[in-house]
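Those protein sequences? They're chains L and E, same order as listed. Residue numbers for the first sequence follow the working numbering, beginning at 564 and rising by one. Residue numbers for the second sequence follow the working numbering, beginning at 104 and rising by one.
Rather than coming from a laboratory, the hints here were simulated on the basis of the structure. Hints are supplied without guarantee of correctness; some may be wrong.
Computed, partial: chain L to chain E, Cβ under 7 Å [what the hints assert, rightly or not]:
no., residue
1, 681
2, 694
3, 720
4, 722
5, 770
6, 795
7, 797
8, 840
9, 841
10, 845
Straight-line alpha carbon distances no greater than 20 Å define the calculated DMTMM-like cross-link-like pairs of lysine to aspartate or glutamate that follow [unchecked claim]:
no., chain 1, residue 1, chain 2, residue 2
11, E, 348, L, 568
12, E, 465, E, 443
13, E, 189, E, 176
14, E, 220, E, 195
15, E, 180, L, 568
16, E, 393, E, 383
Model, not experiment: these values are computed from the prediction. Heads up, the beta-carbon is just placed ideally off N, CA and C, and yes, glycines get one too.
Chain by chain, the residues run as shown.
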Amino acid sequence: MSGTEFSQQVINGLSLGAFYALIALGYTMVYGVLRFINFAHGDVFMLGAFSGYYLTPRIMPHFQNAMAPVGVAIVLLGTMCICAIIGMTIERLAYRPLRKQPKLTVLITAIGVSLFLEYGGQFVFGPDPKSFPQQFDPEHPVPLVVDRALENTGALTITTTQVAAFAVTIFLLLALTFIVKKTRLGRAMRAVSNNATAAQLMGVNIDTVISFTFGLGSALAGAAGILYSLSYPSIDPLMGLLPGVKAFVAAVLGGIGNIPGAAVGGIVLGIVETFVGGSQFSTYRDAIAFALLILILLFRPSGLFGRAQVEKV
Amino acid sequence: MKEIMKSLFCILFGFTAITSLCAQDIVIGEFASLTGSEATFGINSSNGVELAKQEINNAGGVLGRKIKTVIEDDQSKPGQPSSAVKKLIASDKAIAIVGEIASSRSLEAAPICQEAKIPMVSPGSTNPRVTEVGDYIFRVCFIDPFQGTVMAKFALDNLKAKKVAILTDVRNDYSVGLTKYFKEYFTSHGGQVAVERSFSGGGTDKDFRAQLTSIKAAQPDAIFVPGYYTEAGLIAKQARSLGIKVPLMGGDGWDSPKLSEIGGSAMDGCFFSTHFSPQDTNPKVQDFVKKYREKFNAMPDGMAPLGYDAMMILADCIKTAGTTDAAKVREALTNVKDYEGVTGKITIDNKRNANKSAVVLKVNGRQNDYVATIAP
Numbered sequence: 564m565s566g567t568e569f570s571q572q573v574i575n576g577l578s579l580g581a582f583y584a585l586i587a588l589g590y591t592m593v594y595g596v597l598r599f600i601n602f603a604h605g606d607v608f609m610l611g612a613f614s615g616y617y618l619t620p621r622i623m624p625h626f627q628n629a630m631a632p633v634g635v636a637i638v639l640l641g642t643m644c645i646c647a648i649i650g651m652t653i654e655r656l657a658y659r660p661l662r663k664q665p666k667l668t669v670l671i672t673a674i675g676v677s678l679f680l681e682y683g684g685q686f687v688f689g690p691d692p693k694s695f696p697q698q699f700d701p702e703h704p705v706p707l708v709v710d711r712a713l714e715n716t717g718a719l720t721i722t723t724t725q726v727a728a729f730a731v732t733i734f735l736l737l738a739l740t741f742i743v744k745k746t747r748l749g750r751a752m753r754a755v756s757n758n759a760t761a762a763q764l765m766g767v768n769i770d771t772v773i774s775f776t777f778g779l780g781s782a783l784a785g786a787a788g789i790l791y792s793l794s795y796p797s798i799d800p801l802m803g804l805l806p807g808v809k810a811f812v813a814a815v816l817g818g819i820g821n822i823p824g825a826a827v828g829g830i831v832l833g834i835v836e837t838f839v840g841g842s843q844f845s846t847y848r849d850a851i852a853f854a855l856l857i858l859i860l861l862f863r864p865s866g867l868f869g870r871a872q873v874e875k876v
Numbered sequence: 104m105k106e107i108m109k110s111l112f113c114i115l116f117g118f119t120a121i122t123s124l125c126a127q128d129i130v131i132g133e134f135a136s137l138t139g140s141e142a143t144f145g146i147n148s149s150n151g152v153e154l155a156k157q158e159i160n161n162a163g164g165v166l167g168r169k170i171k172t173v174i175e176d177d178q179s180k181p182g183q184p185s186s187a188v189k190k191l192i193a194s195d196k197a198i199a200i201v202g203e204i205a206s207s208r209s210l211e212a213a214p215i216c217q218e219a220k221i222p223m224v225s226p227g228s229t230n231p232r233v234t235e236v237g238d239y240i241f242r243v244c245f246i247d248p249f250q251g252t253v254m255a256k257f258a259l260d261n262l263k264a265k266k267v268a269i270l271t272d273v274r275n276d277y278s279v280g281l282t283k284y285f286k287e288y289f290t291s292h293g294g295q296v297a298v299e300r301s302f303s304g305g306g307t308d309k310d311f312r313a314q315l316t317s318i319k320a321a322q323p324d325a326i327f328v329p330g331y332y333t334e335a336g337l338i339a340k341q342a343r344s345l346g347i348k349v350p351l352m353g354g355d356g357w358d359s360p361k362l363s364e365i366g367g368s369a370m371d372g373c374f375f376s377t378h379f380s381p382q383d384t385n386p387k388v389q390d391f392v393k394k395y396r397e398k399f400n401a402m403p404d405g406m407a408p409l410g411y412d413a414m415m416i417l418a419d420c421i422k423t424a425g426t427t428d429a430a431k432v433r434e435a436l437t438n439v440k441d442y443e444g445v446t447g448k449i450t451i452d453n454k455r456n457a458n459k460s461a462v463v464l465k466v467n468g469r470q471n472d473y474v475a476t477i478a479p
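Just chain L, same shape as in the assembly (with noise of 0.2 Å):
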């Protein structure tokens, strides 16, 4: 391999990585605050997709040229607005209700609710693959970002979106970061994390942090989805099983729960997943990604930045 190839590599594992960090942010500050595993957070990545394919274009036709990147802040906040409040929306009719109710109950109704998206999903928006807005097609002239190399690089490219997606993967890291450790209701959400009850008892109130953590948790996938399919413009309901679970495995190793963790597992994975893609045995590129994992995760129980934690009885 030579060092183009080589750094080529790099740079397609850390634009790969930054997409299951995204996604990967977002399960695991569920976890975090609620100790509960959202399966159906990659179908609402797929719907901040669609909530994408069908803002852009009716909002860019009015944002041309150097107005462009208005419109796209537009579309991506639009976008992270519906998919909080739709993330809202699921806690309060789903999870609410089955709060006092043993995790695996809740665990069970996630999976259904994730199933329900998806076919929903299937019934509402067809179940074909639709191509999200990009350059050159005709039904919808205005792409949300066009996504050309940078070519000034030499031998290596590197694409305005996978620019896009690690820029705003580590703004929403920083951001995130911020809110949980600088703002009153990240101190709220660290109270509830910690102990509830007594979180509880000292006025916080719980179901506004929860439904908070809900809100801001779908608001990223949401964000993750529109920066997906600018990189892969093919868009099917089903498309958050895959990334769903990747992104699962990488909140995992990083330490499920830890906030940082989650972008350094992303990354991992999305670096591991290349080289070994790139490699002659591509064919085997899950199974050699995932064994890895296997292997770190037995050496790291709780993950790269997970601290182990003494069941008390």
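Starting from the known structure of chain L, fit chain E onto it as the hints suggest.
Same frame as chain L, now just chain E:
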């Protein structure tokens, strides 16, 4: 109460007697991927079947009876075809089955048809193993050893390629088969396969940059991507963004209007082999294109005329057999010779495959330009 039961029973009995006296419709079962990642395959081939059925019935049907088709959607998913075909045979009483385009799914249904001794005619499954399942399984398209050879020949003679890269969908029997036959011909005729990589299709993989980066490093003259259209579009897009400028080549799995919709301008100048070109001036083809456009308001791709030909040949064979008896219809299918179909002159050989030529098309925006016809 007893009286009511008695009269009900009489009505029911009378009803069954009447329906069995009237000429019943001939039921042909069809399973197709109407939804899912290869939805255009199923939709367009069953449009072709529908068009053929309508023509046959307008002309008075077969053996004085109308043809009725029952369609089951297999959602482009493994596992679905077997239950669909079981239902078609057991509860709809289909006397013959038409389906599928994707070889993996035809391979799943074929053993069931073979065991039930119901003739199955695949419109577009090109993997040779499909008809090897048994003597009740037929197809009206060419097979991959031929299709792989066509593209290898095309790469050597028309593109003057010396060195190619291959990117195979390992989850797909069709793709693995095409790679094998392409490689055999290409390497035995002076070509060299510089690098081989693989991926998982069917909507599983969407990022191919890792494979493409190592392909780029090998500097091939062309890249053979024998997959389906959803992945081919994404692969072309990512290849171009990585600065790969050589043409991509594929098989009939690319033949879908969605190909250039997903791939955009990245697909331009790429080549694929398929069964038919709507630009063919043959009056039979032009007549089909006209009728198809009138009915469905769209240009037919390669799968539509295959569905049409499969249905037409099946109806023809029922006519020749003079009965809907499965064994007799099967017998008639083995004797199809020089049938003038929309997709060319069809002769069913002793391995129950159709012997016919392939066309190579070049992607050019939303339409595909005819490049060459390659005879067997």
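Results for each hint:
Look at residue 681 of chain L: its Cβ only gets to about 12 Å from chain E, farther than 7 Å, so that hint breaks. Hint on residue 694 of chain L holds. Least Cβ distance to chain E is approximately 5 Å, under the 7 Å limit. Interface restraint check for residue 720 of chain L: the shortest CB-CB distance to chain E comes to about 5 Å, inside 7 Å, so the restraint holds. Nearest Cβ of chain E to the Cβ of residue 722 of chain L: about 5 Å, under the 7 Å cut. The hint holds.
A least Cβ separation of about 38 Å between residue 770 of chain L and chain E goes past the 7 Å threshold, and the interface hint is therefore violated. Given the 7 Å rule on beta carbons, the hint for residue 795 of chain L holds: about 4 Å separates it from the nearest Cβ of chain E. The beta carbon of residue 797 of chain L comes within 5 Å of a beta carbon in chain E, closer than 7 Å, and the hint placing it at the interface holds. Of the supplied interface hints, the one on residue 840 of chain L holds, with its beta-carbon coming within about 3 Å of a beta-carbon of chain E, less than 7 Å.
Using the Cβ-Cβ criterion of 7 Å, the hint placing residue 841 of chain L at the interface with chain E is satisfied: the shortest such distance is roughly 4 Å. Checking residue 845 of chain L against chain E by beta carbon gives a least distance of about 5 Å; that is within 7 Å, so the hint holds. Pair hint residue 348 of chain E plus residue 568 of chain L holds up; C-alpha atoms about 17 Å apart against a cutoff of 20 Å. For the proposed pair residue 465 of chain E and residue 443 of chain E, the alpha carbon gap of about 25 Å is over 20 Å, so the pair is violated.
Restraint check for residue 189 of chain E and residue 176 of chain E: satisfied, since their Cα atoms lie roughly 13 Å apart, inside the 20 Å limit. Simply put, residue 220 of chain E and residue 195 of chain E have alpha-carbon atoms about 15 Å apart, close enough for the 20 Å limit, and the pair holds. For the hint pairing residue 180 of chain E with residue 568 of chain L, the CA-to-CA distance comes to about 36 Å; that exceeds 20 Å, so the pair is violated. Distance check on the hinted pair: residue 393 of chain E and residue 383 of chain E sit about 12 Å apart at the alpha-carbon level, within 20 Å; holds.
In this structure, the hints that do not hold are numbers 1, 5, 12 and 15, in rising order.
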